[in-house]
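Participant: Since the structure of chain A is provided, determine the placement of chains B and C on it from the hints.
Here's the letter readout for the chains.
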Amino acid sequence: MLKQMEGSLGVAQAIALCRPEVVCAYPITPQTHIVEGIGALVKTGELENCEFINVESEFAALSVAIGASAAGARAYTATASQGILYMAEAIYNAGGLGLPIVMTVGNRAIGAPINIWNDHTDAMSVKDAGWIQLFAENNQEALDLHIQAFRLAEELSCPVMVCMDGFILTHAYERVDIPTQAEVDAFLPPYEPVQVLDPADPYSIGAMVGPEAFTEVRYLAHDKQLQALKRIPEIADVFKDVFGRESGGLLHPYHADDAETLVVALGSVNGTIKDAVDTMREEGHAVGSVSLCSFRPFPLAELGDVLRHAARVVVVEKSLAPGLGGVVASNVRMSLRDSPTPVYTVIAGLGGRPITKAGLERVIKDAIADDLPDVHFLDLETDVIARELERSRDTRRSGPTAENILKDLASVAGNRGE
Amino acid sequence: MFQVRIHGRGGQGVVTAAELLSIAAFVEDKHAQAFPSFGSERMGAPVVAFCRIADREIRSREPVSHPDALIIQDPTLLHSVDVFSGLNKQGYILINSRRTFADLGIDDFVAKFPPDHVCDIGATELAVKHVGRPVPNAALLGGFAAISGQIQLSSVEHAIMEKFPGAVGAANVKAAQEAFAAVSKIKEEA
Amino acid sequence: MNSDSANNDTGSKEGAANSRANQGSALQRVKFYQTGTHTVGNRLMDEAARSVQSSMDRSNAITSGHRACQGCGEALGARYALDAAMRASDGQLVAVNATGCLEVFTTPYPETSWQIPWLHSLFGNAPAVATGVAAAMRRKGRKKVSVVAQGGDGGTTDIGFGCLSGMFERNDDVLYICYDNEAYMNTGVQRSSATPPTARTATTPAVGKAPGNVFGTGKNLPLIAMAHNIPYVATASVADLHDLEDKVTRAMAIEGARYIHIMVPCPLGWGSAPNDTIRIARLAVESGLFPLFEAEHGEVTKSHKIRRRVPVDDYLKPQRRFAHLFGKEGPDKAALAAIQAMADSNIKRFNLLDAGDDT
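Protein chains in written order, with my numbering: chain A, 1 to 418; chain B, 1 to 190; chain C, 1 to 359.
Only chain A is shown next, with the shape it has when bound in the complex (with noise of 0.2 Å):
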């Protein structure tokens, strides 16, 4: 059913109609209307079965889903930034224990500076624990990938984190269709434990493993990503069969066939991108995109496919690596290893600034005519960064970086009596 709705509160319809047995709570912006939401669908009664549990931490959120799962339960829980890297410890744990938490990142940045506005760093920094990263580019999708999270999480005995755009997605109200349960329950069989603690048939769970083996658990948990990736696609052609949409899968390109240019990006931003080739297309510019659905795993031969017959990538990625660049880029630059593309990394979008069309048809444009540095930041300040390494290099004590260039910027603004 079409409704106009807040994409947080869409997604907790979405995961109310998955069933979920378990629903770990900790507030966190921008990811905390989603776990509210559902909350109140519990206390409704509307989520039937359901332990809502508010807990004291997003470790422990994490950890509570662990337990759950481990029990037979269909768990969930949704973080953001700081609450990643809270509960990190049981992000990996719960990834190398193969159990199927469905997971909700409200993506923001990390600070400090602290910022609780989007960008990806969050997920980046938990890319490696062994989970499936899904990234939604609209709500629509935010919604559908969590439907199909628990069934690829359940088959493959894998958590997946389903990840949406702090504020830009999570507060955004558009149009979503909300499927009937009637449809999400012929899509998604209730949950069979491959592993499960039962006095019946008592093992244990979670003990030390030696080198002697560790490699192999650890290879294995590499072999279920690859299964992903077969499993990806296809569980988005029977969602298509059963929702009669496409959402999800590995990636989605966009005029990429005859594109010279191709822009590569995870999540909401790639909306913006393609209004961006839309115009550049109308201007004659052959550009195409690639928004990237699924990062873990991340789909290298895939994209490589699509992206060979570009003579540049462009990959816009609100992540970085300090010290090195582009987290996305990094990755997208393994799919062309065995081509002379060039790939430009393009950091945009951090703490929540605005990536706008404008910004990125000027990326393009200087990509196009060769004029791009490797690692580019979209929209930066260079003035104030210069005159804060100055203000560093003259004075030892020169006080906390973040003030210093908020001042600035603030008396930037009086003297053009802003």
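No lab work stands behind these hints: they were computed from the structure.
Don't take every hint at face value.
Claimed, not checked - Listing some non-contacts, in silico: residues in chain A with all C-beta distances to chain C over 12 Å: (1) 43; (2) 54; (3) 90; (4) 198; (5) 201.
As the list claims (entries may be wrong) - Cross-link-like lysine-lysine pairs, in silico, BS3-like; alpha carbons within 25 Å at most: (6) C:219 x C:348; (7) C:333 x C:348; (8) B:89 x B:112; (9) B:187 x B:174; (10) B:163 x B:129; (11) A:230 x A:3; (12) A:43 x C:143; (13) A:3 x B:163; (14) A:43 x B:163; (15) A:43 x C:140; (16) B:185 x B:89; (17) A:230 x A:240.
What the hints assert, rightly or not - Ranges of calculated distance between the beta carbons of each label pair, as one might list FRET restraints: (18) A:410 x B:181: 39 to 49 Å; (19) B:28 x A:411: 44 to 54 Å; (20) A:220 x C:187: 27 to 37 Å; (21) B:42 x A:410: 13 to 23 Å.
Even glycine gets a Cβ: it sits at the ideal position worked out from N, Cα and C.
Facilitator: This is chains B and C only, laid out in the frame that chain A set:
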């Protein structure tokens, strides 16, 4: 695509106004996207929210920097925040105030716009009258329906009742209706 | 009486003397070992009063073959506690384990000592994991399945404290058992917030002007647990295994968050003889340093009276971690007095002496 930017202060229902507007557009089978300026603003701090309305899927995720209409819920923002930034030259301006544009010190600026595109109305007073609280957003949406013609009053009413079922919604609907009538009258006179 | 008390209950001072005398003697005292169905001690008791361990039906929750050190108090405590919990739950039990000695020595993969479903996740999250297991059991319609979470003092009083407090506060249906050996033994004897003052650990070495752990630190988790107003809190000791079993049995009959704090000497970390584990645990109780009590909803309901009070020196002396208190220059009287004052305070606070007992 029609883009609306709403300025106000935390606690005035700025974000809710954008959401209601998007629901009203949805009721008319249009695509709409509403989102806040993503702050951790407390009560009283300047707040911005956006709403895009279109006949096809809205893909852009950037903030509205070139609005086709402005709704200004608090006139004290006129001289502290660059509320008019990027406004379409044929755009609409709706201000929550009973004072004249001259009193507000913006008569020269609004004179550049078509006269039936600019309007101020005492939405807070209408809210106090009907709702009992100084929350001007519903009334302003009624006014927006009248001045912009982008949505029907009935759609605004529908949106309000969907989000606030019961007495609170009904009271807000009354405020929106009175604002719609008042702005329609001003528009005719302009 | 059970087997060890029949064996050792000759008075602590004499016992210590005997134990030392026996080491070089050809005339060893006959020891009575458990032989399956009945221990010597239990044979003298009514059927109903016999221990869980004396039953042929005991579950062997932690069966033989684990890799604990000789004289490990934790292995003994866990065995008694979980077998009692198994009996109380009619075999419908799941155990969650924090990282630590108990986790490591019971599960040398692919072998495991656990005859019950057992889950180890992390060092600091056992209470939360147990909450999840209990929630799942409720939702799966398996309400009869009970959940026990367990950890050492480091996993309980330090790194797992947040999760434990959360589990208590929500009154989740979990019995949490802390096996307290007063330091991080699994990592090589480092100080925890349960390490007593003056104790030597790898991170509180017995050097300098104030050797060992300092005074005025540490936390008393049973009291903190009580402050959460949970339905049941108890302390227990491997020196009184019957009492330990009783407390576990009692805890298992209660719904909600329950906490049992068991003192379990660690010969390796304490520098004590493996065959002195029970004796040292008893001296901790009899000196007043480790009071045995039960509390319900925040109020102490019962305390275990000291039978024959001993000075703290008797408890401290057999442990090398306190050796610096009895150095070549003579005993550290100030430190010993301060520790004695702690014992005295416990005795008063928990009313550990019978009226008229003046020892």
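Participant: So which of those numbered hints doesn't the model satisfy?
Facilitator: Violated: hints 2, 3, 4, 5 and 11.
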